[in-house]
Amino acid sequence: MLRALRRHRVLPGFGLTLGFSVFYLSLIVLIPLGAAFLKTFTMSWDHFWTTVTSARALASYRLSLGASMIAAATNTIMGLIVAWVLVRYEFAGKRILDALVDLPFALPTAVAGITLTAMFAGNGWLGSYFESLGVKVAFTRIGVVVALTFIGLPFVVRTLEPLLQDLDPEIEEAAATLGANRWQSWTRVIFPELLPALLTGFALAFARAIGEYGSVVFISGNMPMRTEITPLMIMTKLAQFDYAGATALAIAMLAMSFALLFLINLLQWWSRARYA
Amino acid sequence: MRLWIAFAAGSLLVLGHLSLAGNIYAQRTLLNVSYDPTRELYQAFNAAFARYWKAKTGESVSIKQSHGGSGSQARAVIDGLEADVVTLALAPDIDAIAAKGLIHADWQKRLPENSSPYTSTIVFLVRKGNSKGICNWDDLVKPGISVITPNPKTSGGARWNYLGAWGYALSKTSKNESKAKDFVTALYKNVPVLDSGARGSTTTFVERGIGDVLISWENEAFLAVNELGKDKFEIVVPSMSILAEPPVTIVDKVVDKRGTRAVAQAYLEYLYTTEGQEIAAKNSYRPRSVAIAKKYGKNFAQVKLFTIDEVFGGWGKIQKAHFDDGGVFDQIYQPK
Chain A
1 MLRALRRHRV LPGFGLTLGF SVFYLSLIVL IPLGAAFLKT FTMSWDHFWT TVTSARALAS
61 YRLSLGASMI AAATNTIMGL IVAWVLVRYE FAGKRILDAL VDLPFALPTA VAGITLTAMF
121 AGNGWLGSYF ESLGVKVAFT RIGVVVALTF IGLPFVVRTL EPLLQDLDPE IEEAAATLGA
181 NRWQSWTRVI FPELLPALLT GFALAFARAI GEYGSVVFIS GNMPMRTEIT PLMIMTKLAQ
241 FDYAGATALA IAMLAMSFAL LFLINLLQWW SRARYA
Chain B
277 MRLWIAFAAG SLLVLGHLSL AGNIYAQRTL LNVSYDPTRE LYQAFNAAFA RYWKAKTGES
337 VSIKQSHGGS GSQARAVIDG LEADVVTLAL APDIDAIAAK GLIHADWQKR LPENSSPYTS
397 TIVFLVRKGN SKGICNWDDL VKPGISVITP NPKTSGGARW NYLGAWGYAL SKTSKNESKA
457 KDFVTALYKN VPVLDSGARG STTTFVERGI GDVLISWENE AFLAVNELGK DKFEIVVPSM
517 SILAEPPVTI VDKVVDKRGT RAVAQAYLEY LYTTEGQEIA AKNSYRPRSV AIAKKYGKNF
577 AQVKLFTIDE VFGGWGKIQK AHFDDGGVFD QIYQPK
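First to last, the sequence lines map onto chains A and B.
Going by this note's numbering, the residue at position 90 of the first sequence is 90; the numbering climbs one at a time, nothing skipped.
When you read off a place in the second sequence, starting at 1, and then add 276, the result is the number in this note's numbering.
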């Protein structure tokens, strides 16, 4: 089997690079995750199960997954528009706008959290406006979504940009000459091309949002059952020296994220197969 | 290949220098791992101690401080942060370090006054004018009052807040546990934001303008009023409150490894001297020394103080009944 694989490689260096990749991934990803798993094995199964299915834990999964979903979906739509504008049009200040997109990447998340909280708190300049409309943003679930949307934007934009750049305007022109109206050429020609990248962007933004801690804890208010995200529950457990409980929650979260990301990958594969 | 060897040799050299440097300076640095609101206290105290130590031994010592929630600071020390001394918000956090063998089990007997060189208590900070008329613990459970206090699971100060309310309720209801639980539940229903540390709650109350009252360390309340203006906030002292005893100790494993036991010991003992006590008093911690307490007496309101041991029978029981998973604090937030 191995020999057969080897014979078919055209590029040299497969064995070496594969070995290196596996080694590197083990070092950076698998070993730390393995350690987390080992830590949970100090718990009995019953204890593990009651920890990960406690009412508070369930509420925190709902918030973490739900808010991450909403934030990633918002970013997918808004990010598409931003990427479209940045690629398709020439205008003054385009470079600056382009650089702005990366800011959420670079900003320490705590800074983002503090700034957003100051802005959206009842006495902040955006918060006071929203409050006059009867909407509380900071210290509610909406605040969590706002923070997660902020940190996730670059993922969608930066995934879409290269693809949009490669998308030849001539394809649209061809569609137009074949009698497609604008809507048709968008839904039938451009969108299918973008769909895999959109899904990738969504998955990245979603994964980032699920793991986010720094910015959310400032704006969420951290109320058990209402605005407590899973990473915060993990930190709370750690602060009480409950290492096993913390890793149990981490494992539960990991399993859910993995399942969701796997699902998104399947979707992507399906969309490629369908439109390719 | 040659490049590799050069690289390896280079890194070995650098590492060697670093560890050498570590040995040379080990005598002269101390790391004090402390909890959230003691920044200002230890800044002043460290400078004073460095002067004293220089005069006494001729050796100059620089003290680094680390601050954060008391529980997470203890965890950092357990995980390997090389603290020579820990000065935390409550004894259980030091007990947790001791349980890992880093500190002798009888640490609390090593220094006078249960190893707490200064004490504090829990008071209320309200907005100027006190329009909601908050003057005692009872006012915090009234509907429509918004109370700011941190999460007692992560913050040492918050545990004192929680226990202050609980102790007050017990004394008011002649030790009826279930009524006390109702009281504390009603109080936490009025809390809109649970920050993870005392300083976080102060920020929420002071900077974000959330809440009608902040339950706070006395020293933290003084700091907020002094730094941010007497025209914005005022301190309300309840009829009775809890005597908070933040303990200090040296981390045996670390000082023995780094050879800093003598200076670390002297550092903590200096907290009990006249100068140390005076610095504590100036930073709004209640000094143990009777003379200094008298001198600064007008700064500290006379309030009936109860201790953990009197009312609750020690930290072990409290932890188990109130803050462990499934304990009273969790029950407050469990859906009925």
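Possibly wrong hints are sitting among the right ones.
Lysine-lysine pairs mimicking DSS-like chemistry, simulated, CA-CA at most 25 Å apart [as the list claims (entries may be wrong)]: (1) B:Lys418 / A:Lys136; (2) B:Lys408 / B:Lys580; (3) A:Lys136 / B:Lys465.
No wet-lab data here; the hints were simulated from the structure.
Sort out whether B:Lys465 lies within 25 Å of A:Lys136, counting only the CA atoms.
holds, 18 Å
Can the restraint linking B:Lys418 and A:Lys136 be considered satisfied, given a maximum Cα separation of 25 Å?
The given pair, whose Cα atoms are some 22 Å apart, holds under the 25 Å limit.
Verify the proposed pairing of B:Lys408 with B:Lys580, using a straight-line Cα cut of 25 Å.
holds, 24 Å
When the structure is compared with the earlier hints, no violation turns up for any of them.
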